[in-house]
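Mapping of the sequence shown onto the UniProt record's numbering: position 131 corresponds to residue 131, and the numbering continues sequentially without gaps.
It is possible that part of the hints are untrue.
[To be verified] Straight-line alpha carbon distances no greater than 35 Å define the calculated DSBU-like cross-link-like pairs of lysine-lysine that follow:
#	residue 1	residue 2
1	K99	K85
2	K58	K69
3	K153	K174
4	K38	K74
5	K125	K107
6	K53	K85
7	K125	K38
8	K129	K153
9	K107	K129
10	K174	K125
11	K99	K129
12	K98	K153
13	K125	K153
14	K38	K58
15	K153	K91
16	K99	K183
17	K107	K183
18	K101	K69
19	K98	K85
20	K107	K153
21	K53	K38
22	K185	K69
23	K129	K183
24	K99	K53
25	K69	K98
26	K58	K185
27	K98	K129
28	K69	K107
[Stated by the list, open to error] Ranges of calculated distance between the beta carbons of each label pair, as one might list FRET restraints:
#	residue 1	residue 2	range
29	S124	E176	20 to 30 Å
30	Q179	K98	45 to 55 Å
31	I77	V156	53 to 63 Å
32	L175	K38	20 to 30 Å
33	V135	I77	26 to 36 Å
34	L191	S62	43 to 53 Å
35	K153	E128	31 to 41 Å
36	C188	K38	16 to 26 Å
37	E204	Q37	34 to 44 Å
Worth flagging that the hints you see were computed from the coordinates, not collected in a lab.
As the structure is a computational prediction, the values presented were derived from the model and not from experiment.
We put the CB at the ideal spot given by N, CA and C, even for glycine.
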Amino acid sequence: MYLPYPTLKNLSASINFLTDYFRKLLTVKMTEVQVFQKLNQELFLELLDTSFKSVTQKLEPSASFSLYKTICSKSGIEFSDLEPKLQNLLKIFRDGVKKNKPLVQLKDELLNLGMADNQVDMFSKQWEKVYSSLVHTTSDTIAINPLLDMEWKFGVSSASSQLNTVGNVFLQIKLEVDQGNGKTKTVCFELQLSEFYSFLHEMERARASLDYLS
1 MYLPYPTLKN LSASINFLTD YFRKLLTVKM TEVQVFQKLN QELFLELLDT
51 SFKSVTQKLE PSASFSLYKT ICSKSGIEFS DLEPKLQNLL KIFRDGVKKN
101 KPLVQLKDEL LNLGMADNQV DMFSKQWEKV YSSLVHTTSD TIAINPLLDM
151 EWKFGVSSAS SQLNTVGNVF LQIKLEVDQG NGKTKTVCFE LQLSEFYSFL
201 HEMERARASL DYLS
């Protein structure tokens, strides 16, 4: 089976298709990069304020999410367009505090993120105002002991002074945590089945919040 040679008409159509495709692709990429520039000065300052409060944990994740959605609604931006840039913005803020990055480096990172020059200047002024608070909050963060191992087993209560508790399902959990300096600690506790499901629900909420802020 032989394929016919491409005609000039077919070749021209292919070139037009590819040109149009890459033009649209470039337009999408430029829109993603310039999403911050769609915010006016007032909304951009609101965005910075909300982001700083998120980093210092002065706002619950649900409250931050609601404020970000409101900012998008006022500016006509789809939250799905802003969210990826927002995650990068929060990461820049956290790294700036943890690694004590100079302001010049942060400004370069924000320009690469798609902010306009005047927006970076606004950030610089706000950063100088809140930096000490950001550092203080980070230094006061409670250290969490890493979890090394966990064991659990289910049981059914067979005897109790309260008749209505006989036959209840419970869960015994044993945790081994790292206390640092080569020391570990064993923590044991018991949960009723309803308490266990409530515990799982809270863990899922916490994970969702961390995924959103990280």
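TODO: Determine which of the earlier numbered hints do not hold for this structure and return their numbers in increasing order.
DONE: Numbers 8, 10, 12, 13, 15, 17, 20, 22, 23, 29, 30, 32, 34, 35 and 36, in rising order.
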